[in-house]
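2 protein chains.
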Amino acid sequence: MSADKPLPAHKGQSGESVRQHNLSTVLRLVHLQGTILRSKITATTGLNRSTVSDLVAELSELGILVEKETAAPTGVGRPSLAVSAADNIVAFSVNPEIDATTVAAVALSGRVVSKERRLMRSHPTAQDSIAVSAEMIDSMRKQLEPGTRIVGVGVSVPGQVRSSDGVIRFAPQLGWVEQAFAASLSQSTGLPVYLANDASLGCVAESRFGAAKDINDAVFLFAGSGGIGGGVISNGRNITGAAGYAGELGHIRISSSKQLDYSGFSGTLEALVRRNDLLDIFRLYVATDEELDAEIRSTESTKARKLLEQQVSSLADGISTLVNIFNPEVVVLGGFLTSLFDFAPDQLIAEMKQGALAAASERVVIRKGALGSNLLVLGAAELPFEALLEAPSSFRLTDA
Amino acid sequence: MSADKPLPAHKGQSGESVRQHNLSTVLRLVHLQGTILRSKITATTGLNRSTVSDLVAELSELGILVEKETAAPTGVGRPSLAVSAADNIVAFSVNPEIDATTVAAVALSGRVVSKERRLMRSHPTAQDSIAVSAEMIDSMRKQLEPGTRIVGVGVSVPGQVRSSDGVIRFAPQLGWVEQAFAASLSQSTGLPVYLANDASLGCVAESRFGAAKDINDAVFLFAGSGGIGGGVISNGRNITGAAGYAGELGHIRISSSKQLDYSGFSGTLEALVRRNDLLDIFRLYVATDEELDAEIRSTESTKARKLLEQQVSSLADGISTLVNIFNPEVVVLGGFLTSLFDFAPDQLIAEMKQGALAAASERVVIRKGALGSNLLVLGAAELPFEALLEAPSSFRLTDA
DNA sequence: ATCTATTTGTTGTTTTAAACAACAAGTATC
DNA sequence: GATACTTGTTGTTTAAAACAACAAATAGAT
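Those sequence lines, one after another, are chains A and B. Heads up, the first sequence is in my numbering, so the first residue is 78 and it goes up one at a time. Heads up, the second sequence is in my numbering, so the first residue is 78 and it goes up one at a time.
Don't read these hints as lab results, they were simulated from the structure. Be aware that a few hints might be false.
From chain A, some residues computed to sit far from chain B (all C-beta separations above 12 angstroms) [stated by the list, open to error]:
hint : residue
1    : Ser216
2    : Glu325
3    : Ser375
4    : Val400
Subject to a maximum C-alpha distance of 20 angstroms in a straight line, what follows is the list of computed PhoX-like cross-link-like pairs (lysine-lysine) [stated by the list, open to error]:
hint : chain 1 : residue 1 : chain 2 : residue 2
5    : A       : Lys445    : A       : Lys430
6    : A       : Lys88     : B       : Lys430
7    : A       : Lys88     : B       : Lys117
8    : A       : Lys445    : A       : Lys290
9    : A       : Lys117    : B       : Lys88
10   : A       : Lys117    : A       : Lys335
11   : A       : Lys219    : A       : Lys192
12   : A       : Lys117    : A       : Lys88
13   : B       : Lys335    : A       : Lys290
14   : B       : Lys430    : A       : Lys335
15   : B       : Lys290    : A       : Lys430
16   : A       : Lys335    : B       : Lys335
17   : A       : Lys88     : B       : Lys290
For each residue, glycine too, the CB sits at the ideal point set by N, CA and C.
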C-alpha cells in the first residue's frame with residue numbers, strides 16, 4: 078500500500094548531492110546558453126563567486142568546460158572570464174527514416190561537427206538500420222579530432238519507444254515491432270545508446286535552443302510524411318508519461334470523420350491533416366517540404382485552397398484542444414504545418430481561439446520551429462548529453 | 078534574448094537551502110503517509126539516522142510534528158518512534174457552489190476537524206459568497222481547540238482561476254467573471270487565501286491520498302452538474318500550465334457533433350457526456366449522484382440504455398485521446414462518471430483501448446475516485462498546506 | 001598620466017549541516 | 001539470561017558553500 082520503494086520525490090539531500098546538483102546546474106547553464114561570462118553564472122545561479130569559481134574549475138579539470146579571457150571587455154571592472162562547453166566532447170545522433178539514415182556528431186558546445194545522410198533501399202529492417210548506423214558512427218568516429226571524447230548515441234525514432242530499455246514498440250512507417258534497438262546498437266558500437274520518439278526530441282530541441290527557448294510551457298506539433306508527432310514542455314520539463322509514450326498528439330481525436338490516420342485511428346488530427354492529401358491535389362508524387370510550401374503559396378486552384386482551408390480548420394481544432402489541456406505560452410509548428418500556418422495565419426488563430434477557453438488562449442502565440450534540418454540532430458544528441466549533465470563528475474566518457 | 082531573470086531551474090543550492098529541502102521532505106513525507114516510524118523516514122529519505130533525528134526535532138520544536146513512543150513494538154531491536162503531523166494545525170477549505178457553500182477545517186494530519194454546508198439562494202454573487210465564506214470561517218475559527226494555529230484558506234472554484242493572483246477569470250455555472258476572490262476573502266479573514274480550479278484540486282487530493290496514491294502519471298476526470306473537469310499528474314506533479322488554466326479536460330473536442338457544452342463549445346467531451354441528459358431520460362429534475370447511480374444500475378429502458386452506451390462511448394473516446402497524450406498509469410473517474418464506468422466497464426475499456434495506441438494503453442487502469450465527499454475538502458486544504466510544506470521553518474502560522 | 005570607483009578573480013578562513021562512529025536502549029529469539 | 005539486532009543519542013569529523021580580505025583589470029574623472 079504505502080511506498081516501500083524510496084520514491085525519488087522523497088529523497089533527502091546530502092552534502093555530496095548538493096555538489097552534484099551545483100556542478101550539474103553550472104554545466105547545464107553553459108550548455109544551454111552557449112559561451113557565458115563567469116559573472117553571469119554567479120548571478121543566475123545565486124551561488125557565491127568563489128563557489129562558482131571552484132565549480133567551474135572542477136568542470137574544467139574534467140575537460141568538460143573551458144575558460145578563456147574575454148576578447149573585448151564588457152564594461153567597468155575586472156573583465157570576467159568566458160566559460161564555454163568543450164568542443165571536443167561529442168554525442169552521435171542517429172535518425173532512421175524509411176528511405177535514409179542520418180548520422181551526425183554534435184559537440185557539447187552545440188556545434189554540429191559532422192553530418193551524413195545515407196540513402197537506403199526502402200523498408201530497411203531494424204537490423205539493417207542498426208548495421209548501417211553502426212558503420213556510419215564508426216567511420217565518423219575515426220575522423221574526429223584526436224583527444225575527442227564521446228558521450229554516447231541518441232536515436233530519434235519515428236514511433237513509440239519504451240524509455241526504460243530503449244525498445245522500439247511500434248514504428249508504423251518503418252514497419253518495425255518490438256525491436257531492441259538500443260541494446261543492439263550499443264553492442265555494435267560499444268557506446269551507451271539512448272532512444273526516444275522523434276517528435277519528443279524535436280520538442281526538446283526547440284525548447285532548449287529554438288523557438289521555445291526559456292519558455293516553461295509549450296506544445297509542439299511536427300508533421301512529416303509519416304504523420305503528425307508532438308511533444309509537450311510543461312513547467313519546463315518534457316512530458317514523457319509512465320513508460321515514455323506520452324506526446325502522441327497526432328492521434329488526438331477531434332472529429333467524427335471516418336478518415337483514418339497512419340495508425341488506423343479515425344477522426345484524429347493526423348487523419349485530417351495529411352501531407353499526402355496535399356501532394357495528391359498538387360499532383361506531386363514526392364516533394365520536399367520546400368517544394369510543397371512553394372505550391373501552397375502559389376496555388377490558385379479553388380479545390381486546393383478548399384482542402385488547405387479544411388486542414389487549417391482541423392489543425393485549429395487540434396490546437397484548441399491542446400490549449401485547453403495545457404495552457405501553453407507557445408505552440409510551435411514544424412514540417413508542412415508551417416506552410417499551413419503561413420497559408421492562413423488569421424484563420425488558424427481565429428478558429429483556435431474560438432475553440433479554446435478565452436483564459437487559456439488569450440496569450441498563446443503560434444510560432445514556427447527555428448531549427449530547420451538540425452532539429453532532430455540536436456534533439457537526439459540531447460539524450461546522451463542529458464546523462465552527462467545529470468552527473469558531470471561521475472559520467473564515464475569514451476575515447477574516440 | 079538570453080535569460081536575464083534568474084530562472085528557478087538554474088538556481089544553485091546553498092547549505093541553508095539543503096536544510097530547507099530536507100525539512101520539507103520529511104514534513105511532506107509525514108503529511109502524505111500519515112503517522113510513520115522515524116526509522117522509515119530514515120529509509121525512504123536516504124538521510125542519516127542522526128540527521129533525521131535532528132530534522133524531526135526541529136519540526137517538533139516548531140510544533141509541526143509530534144513524536145510518540147510506539148504502542149506496540151514492530152519487531153526485533155529498539156522500537157522506533159512514531160512521527161505524526163500536528164493535529165492542531167489547520168487549513169480552511171472553501172467550496173462555493175451554485176446553491177450552497179461548503180467550508181471545512183482540515184488538520185495537517187489529514188483529519189477533517191469540522192465541516193459545514195450552508196444552502197444559499199441561487200446564483201449568489203462573488204461578494205455574497207465571500208461574505209458567507211468569511212462568516213463561516215470566523216465562526217468555525219472560534220470553535221477550534223485553544224492553541225490551534227491556522228495555515229490559511231484554500232478555495233476550490235468551479236471555473237478558471239489565474240494562479241498568480243487568485244483572480245477567478247470565469248466561472249460559468251456561477252456566472253462570475255473577473256472576480257478578485259482571493260484578495261477579497263483574505264481581506265475579510267486576515268488569512269492568506271489560495272485559489273485553484275476544483276477539478277485540479279480533486280486531482281491533487283486523489284493523487285496524494287486517494288485512488289492514485291504513489292502514482293506518478295495519472296489523469297483525472299470529474300463530472301458534476303456543472304460539467305466535466307479534469308486534472309493531470311505528470312511525473313508526480315500537477316500540470317498547471319503557464320497561468321494556471323491547464324487541465325480543462327472537459328473541453329477537449331472529440332466529435333463533429335453540434336451538441337454544445339456548458340461553455341458553448343461543440344463536440345467536446347462535456348457536450349456529449351451530460352448529466353442533465355441522463356436526468357431528463359429518467360424524468361428527474363434534481364438528483365444526487367447516489368440517486369442517479371441507482372437509476373442507472375436498475376434501468377431496463379432501452380432508450381436510457383442506449384443513451385448510456387453513447388455516453389460510455391464518448392467517454393472512451395475522450396480517455397483514448399488523453400491516454401495518447403499522457404500515457405498515464407491510472408485514469409481516475411469521479412462524480413457520475415463512476416456510474417457510467419460501472420454500467421459498462423468492459424465496453425469502456427474495450428473502446429478506450431481501440432482508440433488509443435497499444436503501447437500507451439496496455440497498462441492503463443481505469444479506477445474510481447476514493448475520497449467521496451471529502452474530495453474537494455482535502456484538495457483545497459492542500460493549497461495552504463503546500464505553502465507550509467514548501468518552507469516549514471519560515472512559514473508564518475496564524476493563531477486561531 | 002594618474003587617481004578613483006567598480007567589478008571580478010583569488011586565496012585563506014569560517015560556518016553549516018550532513019555523515020560518521022561509538023555507545024546506550026530496548027526488543028525478540030534461543 | 002545471553003545474544004543478536006535495530007534504533008535512538010551524543011560527540012566528532014568532513015565536505016562544501018559562504019564569507020572576508022585582497023589583488024587584478026577596466027572605465028572614467030582629474
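Against the structure, the hints come out as follows:
Serine 216 of chain A, annotated as away from the interface, keeps every beta carbon of chain B farther than 12 angstroms; the closest lies near 34 angstroms. Here glutamate 325 of chain A does not stay apart from chain B, with its beta-carbon only about 4 angstroms from theirs, under the 12 angstroms limit. Listed as outside the interface, serine 375 of chain A is consistent with that label: its C-beta sits roughly 31 angstroms from the nearest C-beta of chain B, beyond the 12 angstroms cut-off. With a least beta-carbon separation of about 9 angstroms from chain B, valine 400 of chain A fails to lie farther than 12 angstroms from that chain, contradicting its non-interface assignment.
Using a Cα cut-off of 20 angstroms, the hinted pair lysine 445 of chain A and lysine 430 of chain A holds, with the two alpha carbons roughly 18 angstroms apart. Simply put, lysine 88 of chain A and lysine 430 of chain B have alpha-carbon atoms about 35 angstroms apart, too far for the 20 angstroms limit, and the pair is violated. Taking the CA atoms of lysine 88 of chain A and lysine 117 of chain B, the gap is near 12 angstroms; set against the 20 angstroms cutoff, the hint holds. For the suggested pair lysine 445 of chain A and lysine 290 of chain A, the alpha carbons sit about 13 angstroms apart, so the restraint of at most 20 angstroms is met.
The hinted pair formed by lysine 117 of chain A and lysine 88 of chain B meets the criterion: a straight-line CA distance of about 12 angstroms does not exceed 20 angstroms. Between lysine 117 of chain A and lysine 335 of chain A, the direct Cα distance comes to roughly 56 angstroms. Violation of the 20 angstroms bound is thereby established for this hinted pair. Distance check on the hinted pair: lysine 219 of chain A and lysine 192 of chain A sit about 14 angstroms apart at the alpha-carbon level, within 20 angstroms; holds. Straight-line distance between C-alpha atoms of lysine 117 of chain A and lysine 88 of chain A comes to about 30 angstroms, which puts the hinted pair past the 20 angstroms bound.
The straight-line distance between the Cα atoms of lysine 335 of chain B and lysine 290 of chain A is roughly 39 angstroms, outside the 20 angstroms bound, and the hint therefore fails. For the hint pairing lysine 430 of chain B with lysine 335 of chain A, the CA-to-CA distance comes to about 18 angstroms; that is within 20 angstroms, so the pair holds. With a C-alpha separation of about 36 angstroms, the suggested pair lysine 290 of chain B and lysine 430 of chain A falls outside the 20 angstroms cut-off, and the hint is violated. With a CA separation close to 17 angstroms, the supplied pair lysine 335 of chain A and lysine 335 of chain B stays within the 20 angstroms bound.
This hinted pair checks out: lysine 88 of chain A and lysine 290 of chain B have alpha carbons roughly 17 angstroms apart, not beyond 20 angstroms.
Checked against the numbered hints above, the structure violates hints 2, 4, 6, 10, 12, 13, 15; every other hint is satisfied.
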